[in-house]
Structure formats: C-alpha cells, structure tokens
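Student: Chains as they are written, first to last, in my numbering: chain A, 678 to 1000; chain B, 678 to 1000; chain C, 8 to 331; chain D, 8 to 331.
Hints may contain errors.
[To be verified] Listed below are the simulated PhoX-like cross-link pairs for lysine-lysine, each with C-alpha atoms no more than 25 Å apart in a straight line: (1) A/Lys851 <-> D/Lys40; (2) B/Lys716 <-> C/Lys266; (3) B/Lys716 <-> C/Lys40; (4) B/Lys716 <-> B/Lys851; (5) A/Lys929 <-> A/Lys895; (6) C/Lys198 <-> C/Lys273; (7) B/Lys895 <-> B/Lys875; (8) D/Lys198 <-> C/Lys173; (9) B/Lys787 <-> D/Lys98; (10) D/Lys266 <-> A/Lys716; (11) D/Lys16 <-> D/Lys227; (12) A/Lys787 <-> C/Lys98; (13) A/Lys920 <-> A/Lys875; (14) D/Lys18 <-> D/Lys227; (15) B/Lys983 <-> C/Lys40; (16) D/Lys173 <-> C/Lys198; (17) B/Lys895 <-> B/Lys851; (18) A/Lys895 <-> A/Lys875; (19) D/Lys98 <-> A/Lys983; (20) C/Lys227 <-> C/Lys173; (21) D/Lys22 <-> D/Lys228; (22) A/Lys983 <-> D/Lys40; (23) C/Lys305 <-> C/Lys98; (24) A/Lys716 <-> D/Lys40; (25) B/Lys983 <-> C/Lys98; (26) C/Lys228 <-> C/Lys22; (27) B/Lys851 <-> C/Lys40; (28) B/Lys983 <-> B/Lys857.
Keep in mind the hints are simulated off the structure, nothing from the lab. Quick caveat, the model's predicted, so the values are computed rather than measured.
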Amino acid sequence: MREISYVEAIREALRQEMERDERVIVMGEDVGRYGGIFKVTSGLWEQFGDERVRDTPISEAAITGVAVGAAATGLRPVAELMFMDFVTIAMDQLVNQGAKMRYMFGGKAKVPMVLRTNMGAGRSSAAQHSQSLQAWVAHVPGLKVVMPSDPYDAKGLLISAIRDDNPVVYLEHKFLYPVKSHVPEEIYTVPIGRAEVKRAGRDVTIVATSMMVRKALKVAEILSKEGIEIEVVDPRTLSPLDKETIARSVMKTGRAIVSDEGCTSYGVGAEIAAVIMEEAFDYLDAPVRRVCAPDVPIPFSPALEKMVTISEAELIAAVREIV
Amino acid sequence: MREISYVEAIREALRQEMERDERVIVMGEDVGRYGGIFKVTSGLWEQFGDERVRDTPISEAAITGVAVGAAATGLRPVAELMFMDFVTIAMDQLVNQGAKMRYMFGGKAKVPMVLRTNMGAGRSSAAQHSQSLQAWVAHVPGLKVVMPSDPYDAKGLLISAIRDDNPVVYLEHKFLYPVKSHVPEEIYTVPIGRAEVKRAGRDVTIVATSMMVRKALKVAEILSKEGIEIEVVDPRTLSPLDKETIARSVMKTGRAIVSDEGCTSYGVGAEIAAVIMEEAFDYLDAPVRRVCAPDVPIPFSPALEKMVTISEAELIAAVREIV
Amino acid sequence: MDDSLDRVKLKEMLKKMLEIRHFEEQVNDLYRKGIMPGLAHLYNGEEAVAVGACSALAQDDYITSTHRGHGHLIAKGGRLKFMMAEILGKKTGYCKGKGGSMHIADFDLGILGANGIVGGGFAIAVGAALSSRLLGQGRVTVCFFGDGATNQGSFHESVNLASVWKLPVVFVCENNLYGISVAQSRHQAIKDIAVRAQAYGIPGVIVDGMDVLAVYGEVKKAVDRAREGGGPTLVECKTYRFGGHHVGDPGNGIVYRTKEEMDEWKERCPIRRMQGYLLEKGVMTQQEIDEMEEEVIKEVQEAVDFAVNSPFPDPEELTEDLYA
Amino acid sequence: MDDSLDRVKLKEMLKKMLEIRHFEEQVNDLYRKGIMPGLAHLYNGEEAVAVGACSALAQDDYITSTHRGHGHLIAKGGRLKFMMAEILGKKTGYCKGKGGSMHIADFDLGILGANGIVGGGFAIAVGAALSSRLLGQGRVTVCFFGDGATNQGSFHESVNLASVWKLPVVFVCENNLYGISVAQSRHQAIKDIAVRAQAYGIPGVIVDGMDVLAVYGEVKKAVDRAREGGGPTLVECKTYRFGGHHVGDPGNGIVYRTKEEMDEWKERCPIRRMQGYLLEKGVMTQQEIDEMEEEVIKEVQEAVDFAVNSPFPDPEELTEDLYA
Ligand SMILES: Cc1ncc(C[n+]2csc(CCOP(=O)(O)OP(=O)(O)O)c2C)c(N)n1
Ligand SMILES: Cc1ncc(C[n+]2csc(CCOP(=O)(O)OP(=O)(O)O)c2C)c(N)n1
Ligand SMILES: [Mg+2]
Ligand SMILES: [Mg+2]
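If we strip away everything but chain A, and leave its shape as in the complex, we get (with noise of 0.2 Å):
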C-alpha cells in the first residue's frame, strides 16, 4: 500500500482535481514558482502555468474575495491563506460575501470555493502565526468546515471541498504535513458532514480534532494496556457537525473528552461537549471534559508554548479524572 505524507496528499488532490477540471485554480501568496511557504503547491506551477497557479500580492481580504467573486461566476478557486492568523483581514469577505451570497440572494448564486489555510502552534512562530481559529469559521452559516487528520481524509475532503458548492474552509495542521499513512492513488471523496470513529473502546470517547485525534490515538494505545478503552471519533467536519455518530458513541461509553486546540472559552470544545450533552445526557456518567488550549496568545518561547499545545500527558489525566 502506498504511503504518503499529508502534505502530499493535498497536493495530490488538488493536481487530479486541477486536471479534471479546467475550472479549478489555486491562488495565494508564493503559492507558485515558490511552492507555497509549506510546499503544498510545489509544483503545481511547472504543471499549469501562471494562469491557474496564482501568486498573488499580501492581500488577503482581495485574495478571498477574488474567490468569492470567481466562484460565484464560474470558476472553482482553491485560494491559500499562508497562515489561519491571516484569516483575521479576510473576514469581511469570507463571511459578508462568500458565506452570504447564496442565501441573501434567495438560492440564485453558488459559490464554490475552498479557502485554504493552516493552524496549530509548537513551531516557534508567536502569537500571530499559530493560532487555531476554527470556532470562528464553523459559527458562521453559509460556510462547510473541514479539518483532516490524517493524509487519506487529508485527499477525500479536499477533493469533495473541490466538488462542493459552496464555500469550504480547509483547515491544516502544521504538525501534520510530514505525517505519512495508506493513500490511494486514484481519486476518492471523504464525504463532508461525516465524522469518523478512529478507533473503537468501551469506557471513554475523545472527541477529537485534527493534530489531537493523532494524540488521542496513541494515548488509547497507552491506556488500553491498563486495559481502559478509548473510542476516537474524529468530527473531520465542525460545520456541519456529525452530531449522530458523537452522540452515539457517548451513549456507549458514558465520558467524553473533546480535545481541539483552539482556545478553550467559546471554542469547539464548548459546542461539541454542549452537543453531547443535548444528544446524550441521559447516558452521561461525568461531565463532559474539555482538553482545548489555555485562553492566552500562543507565546513565543518554546518553554512557554509547550504548555499551549496539549500534550498526550494532558489527555491521559483527563481521562484518569473521569474513568
């Protein structure tokens, strides 16, 4: 089976995408002969040219906006924003425009964009290059967010934000783009609005996102030595959220972890575990526990950010408390 990495996974996708169809175009800054700061386009510019492989100037609310506005007229663009932080200047255009088009305009426009970009902390980057805004994007209407957690959802959602007609934000981890596992080669869609369990057990369920389903993963593998089992269910999409395969596995176990490194207040922990308590309360034996971020900027000494990026050790007491 081949094994690829997830950077190589979006950018597989997005090379079968772009050469299925003509309409799909990737922009954003030094996404072109440069590659993209993370080497997700690499690429792609010797294979389509300066037309369909964009780099743009440091603008981000137009480079969002040129989406909006190309989507809504014919083209499918694949625009990048160089770090989630950035998301910040294009907010206007992403939820004002894209996100609204359609419905205020009762059905008459479809937009279908993807708005890529990264978050998670841990590279000694700061406050302004680390941070994991995805509560924002996943409370507005109108938007579908994605955030795969390992290279094969990495390619199947990518490929089914391509397709969709709408606007997706599609959300990468740092951390993730060395992470290699099983990818086909030929093109397949990981449906959107689907969430998957990673792993299955009996006694507790970690909801978790992107970078943390990789860490859930393995703190199961530590503890189901002790012999306590740890479902894994990966939302894969915040918006819409799966909420039936999260509350089932809840009603099995009885506890649940949600584990997302956005900041903790107001964050996707407070919507997941509000979820469950709505779709499962019944069958909760403790309180729904959330392991998210400290609400403080991402500092930049990496004695500091240490403690910001949660840590397999973090997940494991959390899970001692409640078992």
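Dock chains B, C and D with the ligands against the given chain A, drawing on the hints supplied.
Tutor: Using the frame of chain A, we list chains B, C and D with the ligands on its own:
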C-alpha cells in the same frame, strides 16, 4: 428617580468620562456632527469639538488599529463601528494587534481602548447589518467583552470599560436603545466580570444576554403567575465570564436555559452550557437548553426575520419542556 | 454625439433614467407609508452614472453594485417588479425576500449583487473579471462604488490586483461628495479620486456624472480597452445625490449639506439635461418625452402593484437557499 | 554633507549599521546551530534605511516595525542583549520570551513593536501620531514597511487617515523588490511606490536606500515637516536584502532571484559605502573603523552570551501579562 434611555445612558457615560479625562476621545463614522446613526454620540461634537470627537473615513480596519495605537501611547479612545457586522473588517487590528499587544510584549504595553458597536436583528436590515458575533470576540484572550442589558448597566459598564486598561468590546443592542430605566446622574461603575441575578427564582435558571434578559424577565413575570419561578442571570460580561454566579444559580434550580441572539452553533450558548455542565453537573436535572438564533444569515423579509429573533414564546416553550 | 449611439439607444438611455427616478420616488413613498420594511438608499440625481456606464455594456457583461444599488440594477436591465417585490420583502422578489434593497442580484443579467458592505463589491468584481479571462468569455465587469468606499482597504487591494493581473474590469466611482454625513474633503485629502489610478499604473479619468453621454463615452472607452486586454481603468463621475443618505435621513441631508449646494446640483439634473439634448438634436419631441414618462410611470406603478399584492415568504423558506 | 550631522553622529550611524550587520550574522549563526527557536527575517543589506531614518528622530519619537525588525530596533536604540535574549525565547528578553523575533518592543525608546502581520503596523503608527497630536507632545512616528506591505488594505486606510487628519507620521517604505518570492513587478503594476503618495495628496519621495546619508536627509525633511504640522510623507527607499526572506530560505532566495542581481546589490553595500565616505571626508581613519568594528563584534558577542546564558521563562509566566 431619574429614568433615561439606554442610548442616553451610553451618551452620558461618554460625556462624563470625557469631561473627567482629557485622554478619552471618540472616533468613528459619522459620530461627529451627525451624532452617530443611532444618535449615541449626539451632542458630543458640539461639546468637545473636532479634535476629541472625530469623524473618520469609512475604514473600519484603520479605525480599530488607530485606536489600538492611540491607546498604547496615552489616549483612551472609544472607537465606534457602526454595526457589529463590520468587525469582520477589523479583526486583524482587534485580535492580532489590540488583544495580543500586551502579552506579546511581555506586559510592556497597555491598550486602554473601547470598541463600541451594536448587535441584534429585527430592523429589516438583512444579513450584513444584523449580526450578533459576540462569540468571536469572546473567544479571544486579551479582550474583555461586555453586553449591557439595561440603561443602568449600560452606563456603569461603559465607564468601567473606559477606565479599564485593556481593550474592551462593548456591545449595544439596537432594540435596547429606546428602553428606559433608572440611571443615577452621578458617575458610577458596574464591574466588568460580574454577573447579576436580575430576578430570583427557584425552578429554572435562564442565563440570558443583552436583549434576551428583557425577554427572559417578561417570561419570568408571565410564568410566575403559573407558579413557575424563573431565576434570570445576566452575565453582563462574556469575557471574563462570571462562572460562579451562573453555577450557583443552577445548583439551586437544577435546570438551565441559555439564551443569546448569536447563531446557536459554536455560539455563546455553547460556552455557557458547557460551563454549567462543568461547574454544576451533579445538580442538573435536565440538559441545559440553548435558545439561541437558528444557524442562518439574517433574512430581510419581516416574515422570515421574525423567526430568527428569539421570541418570548420560544423561551416559554423551552421552560415548559424542561420543568 | 458618439457614433455608436443610435436614436434607439439614446431614447433607451433616457427611459432608463426615468425608470430609476420614478422607481426611487415610489420606494420613498412606500417607506413613508410604512409599507417598505427597513431603509433604502435612493439613486435620485445619479441616474446618468448607472445608465451611462451600463449602456456601454453587453447583456452578459457583469456589474457589482452597492447599498445604493437600485439605479445600477435598473440600468443593467433588472426587472422592476421583481426588484420592487424584493424591496418589500416578498416571496416574488428577486431574492425571495431574503435580500431586500441592499442585496438584489440577477445573475442572468450579469448583476452580481448589490452589497450592504461599503467596499464589499470590489474584490467580487475582480473575481468575476478573473473568471471571464480564464474561461475565455470576453466579459467585462463594471464595479460601481462611492467616494467613501475609496477609503476602504478593499478598494486598494482589489484595484491593485486587477491592475497587476490586467483584468477586464472598469472601476466606476460615483463621487457624490459625501459618505453619509462626511464630506469628501473630510474623508480624503484629494479632490479628484481619479488620481488614485496612478497608484496602480492604470488610467484614471474624470467625467461629469450628470451627463449620461459623457459617462457613456468614457466608460465605453474603458470597457473596450478592458475587453482588448488593456486592463482596468478608474472612471470618476462627479455627481450628487438629490435626497438624503437613505430614505430616513432628515431633511434630505440638510444636517450636513447647505440648501444652496443642494439646489445648485439639482439645477444640473441629468434627466432634464438629456431631455434637452434629445430635443435639441431632434431625436425626440416634447410629446414623445411626455409619453415616455407616462409609460414609465405606469410601468413603475405596475411594479408597485405586483409587489404590494405579492405574498410574503413562507416560514419553511427560512432555512432554504443556505447551502447549494 | 548635511550640516545637522556632526562627526559624532556620523560615526554613530556607521556604528549602528555595523551593529545590525553583526547582530544579524549572529542570529543566523544561532539558527544554524539550532539554538534559536523558530525563524527570523534578517536585515542585512538594508541597514542604511533603519539607521538613516532613526537618526532623524529624537529619543521619544516613535517607530513601528515589521517582521524584519531587528534593524529598526537597533537603530532606534534597542539594547542588543535584551533583543538577543528575546530572540532566544529567554526570560531576560525584552518581552520575557513571549514575543520572539517578530514581536520585540521597547516603549521607553518609542519602539512600538515589531509585527508579525504584514501591514499590521500602519494603523498603530497613525494611532501613535494621533496621541502625539492630542496630547501635545510633538512626537513624530516613523512607520517602517516593505514593498509587499503596500498592497495591504491597511496601508491605504492608514495613509489616507493620516493625510486627511494631517498627523505627524512618516511612512518609510523599504522597497527591497520582493515580498518573499514575489518580485515587485508581479505584485504591483508600478515601479516607484512613492507615486502612491499622490493618492493621498501627500509628498512622495524616492531615495537610494543603500545610502544612509541620503535616507537621513529625506527622512529628516519629512520628520521636520511632520513635526511642524505639515502632515505625513511617503519616503520610498530602494534597497535589497542580502539574505533570504528568512534564515531558512534556501540559497538566500536563489529560487526567485538571480545570482547576478544579488551580486550587483551586494556591490552597493551601505556599510562599505558609508565607510568610504567617512574615510574620504577624513571623519575616521581605517584604523578607527577597524576598532569600531572590533568593538561592535565584542558587544554583539556579549549579547549572545547574555542571551545564551539566560534562563527560560518559568511555567507560571504563561498566564501573566495578558491583562493589565
Ligand atoms: C463596511 C461598512 N462600513 C460602513 C457602512 C455604513 N454605510 C453605509 S453607506 C455609507 C456611506 C457610503 O459612502 P459612499 O461610498 O460615498 O456611497 P454613497 O452612500 O455616497 O453613495 C456608510 C458609511 C457600511 N454599510 N459598510
Ligand atoms: C498579513 C500577512 N500576510 C502574509 C504574511 C507572510 N509574510 C511574512 S513577510 C512577507 C513578505 C513581506 O514583504 P515586504 O512587505 O516587501 O517585506 P520584506 O519581507 O521584503 O522586508 C509575507 C508575505 C504575514 N506575515 N502577514
Ligand atoms: Mg458618496
Ligand atoms: Mg520586500
């Protein structure tokens, strides 16, 4: 006892603080001679002149960023965004600059600014002039977020916000502007970070924000006649959230409803519901119910818009479901 | 007189301007009567800009519009009755009542939407131009916006991008001297917005926005240039809104404008001017003009009747049209 | 030679440039050795801009800086050891290790911070200028930024606001011809960024950014003008970064730049040029210059030692410094 309206209370707070402290200035679109489109700043330009009451170009990012820079260098600016929907344009300045400056600089800076704006639908202003995006700003460490629900709190919280050495997002509600209640003429403060029990009751807690507090109080009145005693808790501040007061109430009543006008998913209701579960799980007789806005953009037509502005009837129905 | 303008087209231009004027008067009326929900930003006085510019476009060319959008939409061919129904929040409106005055679109006519965000249309226009280029469609986009909007960052980013990519888009500025209450001299330190073109290495031209033929002429040149691959142009039209910022603005904006200024501009009414021109050139007689105006009044009244008599959307429509 | 520059000041300018150069070389070295966490954007080659501009400022004047900020900070008087400690993430750094290379500030020296957001400093600079005016302080702000940053909306909004409010701020553009890998000709359709001044009705000047005295001269004029209430100026400095976009950029940016271009610009080294000038004018002898360089090397080494030997922050500091 003197009664004045919410809009007058805000204006009085601005006036009194500007009289007291020369460093307090007001800036925003049409806030000068025009007095702001909701007339909040009416009369201030006449009293304080061009230099301290500044009409700006239509440049929300610059308005916010200039306030950050001015605050960091000795002024205490109160900047207005005409509608909260426009904070989308200013998120970088607010979140990456204003909120993080102090932390990034190791405590070297302080940013005593207030960003005033208004939320709430119901005026047939459609999807880009009606949003309630408080969940976004409450998710950002470094910001404080307040939402006064009556004229008394409006004045006291604004004075606190102006005197606070941190960036405070001050959220007004369009439908509260004309509402009157007792407001002392003298200067007083309402502490940031302190919730208030607006009505005591033993059967159900409704944690409500802004306009929803008023509606919850009316519902409490109505249901009291049936013998259902509702406790209405107004967090007043979303960040930092007064978890104790909320939890104490739910420990007493055992049942809770959270009502906020933002979209339900990944909204304020999720956080407060999660907090209640974390702090008072063993006291809960039913899952916390969220009575927040449906996950759609705000439609223009009154026929549809009335379905997204939460009615007293919806609150009543929610209460009946859980008692 | 521009050679590309035959008599039919000239008459059509007058008719469109009349449609806008009467349409807006009805909107104002419906507001005063409490029939129209919310507010609306009227186009009275600026008719020459929308009509001049859109007359330079083909049916499948694109426009992006603004909060003050009725004029642009009518000029680009928008159907009065669907517009009016939308403005009243009716199910039969262009957007099924979900959009209202600030969010009307008709993609079939290349109308990519009015916009409630000042500056919200710039990047969308550039995106449409990018589509046209990559799909080889030869469509040109006209992006309308006000003087106030030229201070938004999105103006700068979008014009820069369009210029460096040489995209087929024409930026048409309606400089009506105010952004709500703030006079141009208080929101920017320049008099001619056209100079901003220099910041992007593109042509910038100034035109009398009260003269529909002048607007047509300059925009036509810019559209031709764009279509031939010459890239964007910034066309500044000096104009004036006769009413207040919106229907609820007290005294038609007397709080921040002098009566003299308002009167002076009203003297330069673009419709009267075009009528004078058509009479002088013998294209129309006074009687024909009067008949045309009667007809327009009737059409607008029909639109009002259609709108007033249309039903509101049904509750279940709330969650429709969100996702494709 | 500018009369306002005495021998002491001239020597100081050279010294600052040397400090920057050697500081950056050490940073690069610490990166290669794996001692520096993260990345850093070095200022080598652009020393004349920061030093020329900051030499025109008083101690209590303000600057805002960028991701490529070390040079600005040193030129404005930043202490090498606190900077280096910050860059290594140490408790003794300017920001207690919380900021790192892209977020160093020293408010006592008027340094309002480097910035990780391209274009993040514009509005902050204008805000500082507003404070200075309203508090009657007579302080001027110099806002540094790159060519790439001039395409951000915040550039436009901020310069527009500063110009219409006539605030005491000088916009100093470091046009080093690239934003990461994208050459200026591919990110904007103009050659001289100074022309953008016309969009705001302010003066725009072009200066050789490899000539510290030329930069000083133009910025000094602009600062004087600003201080006297004349409003902002846009000063474009043509310059070049000798290294890659950051310490990890392969081959010093050879992926998108030619060796010829790089060599050509290195020939114009601003430090060598200033040295030649000082020798020629008899301000310094070669021996004095060598001694100065020795001293700088020693100072920088002391800063490195201080930083390397400093402790990391303690865990409880994580939640400190968030709210005042
Ligand atoms: C981003 C944003 N900021 C502010 C507003 C409020 N607003 C609506 S129209 C307007 C004035 C626009 O001025 P201009 O661009 O000159 O257009 P005009 O109204 O004169 O046609 C303002 C400030 C808005 N709708 N969107
Ligand atoms: C808002 C934002 N967009 C993109 C980036 C990534 N980035 C960092 S530096 C840089 C290039 C900046 O170019 P320029 O302004 O010319 O400065 P230079 O690096 O050449 O000194 C980019 C794109 C960023 N930090 N912030
Ligand atoms: Mg205007
Ligand atoms: Mg550069």
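Student: Does lysine 273 of chain C lie within 25 Å of lysine 198 of chain C when you go C-alpha to C-alpha?
Tutor: Between lysine 198 of chain C and lysine 273 of chain C the Cα gap is close to 21 Å, so the pair holds against 25 Å.
Student: When you check the alpha-carbon spacing of lysine 198 of chain D and lysine 173 of chain C, does it fall within 25 Å?
Tutor: 16 Å, holds
Student: Holds or violated: are the alpha carbons of lysine 787 of chain A and lysine 98 of chain C at most 25 Å from each other?
Tutor: 20 Å, holds
Student: Mind checking the alpha carbons of lysine 851 of chain A and lysine 40 of chain D for me, to see if they're no more than 25 Å apart?
Tutor: The given pair, whose Cα atoms are some 23 Å apart, holds under the 25 Å limit.
Student: Is the straight-line distance between the alpha-carbon of lysine 16 of chain D and that of lysine 227 of chain D 25 Å or less?
Tutor: 14 Å, holds
Student: Would you check the hint for lysine 266 of chain D and lysine 716 of chain A, treating anything up to 25 Å between C-alpha atoms as holding?
Tutor: 23 Å, holds
Student: Does lysine 98 of chain C sit within 25 Å of lysine 983 of chain B, going by the straight-line distance between their CA atoms?
Tutor: It holds: about 15 Å lies between the C-alpha atoms, which stays within 25 Å.
Student: For the pair we were handed, lysine 920 of chain A and lysine 875 of chain A, check the Cα-Cα distance against 25 Å.
Tutor: 16 Å, holds
Student: Given the hint that lysine 228 of chain C pairs with lysine 22 of chain C, does the C-alpha gap stay at or below 25 Å?
Tutor: 23 Å, holds
Student: Do the alpha carbons of lysine 895 of chain B and lysine 875 of chain B lie within 25 Å of each other, as the hint requires?
Tutor: This hinted pair holds, its Cα atoms lying about 11 Å apart.
Student: Do the alpha carbons of lysine 716 of chain A and lysine 40 of chain D lie within 25 Å of each other, as the hint requires?
Tutor: 24 Å, holds
Student: Can you confirm whether the C-alpha distance between lysine 983 of chain B and lysine 857 of chain B stays at or below 25 Å?
Tutor: 24 Å, holds
The earlier numbered hints are all upheld by this structure, with none contradicted.
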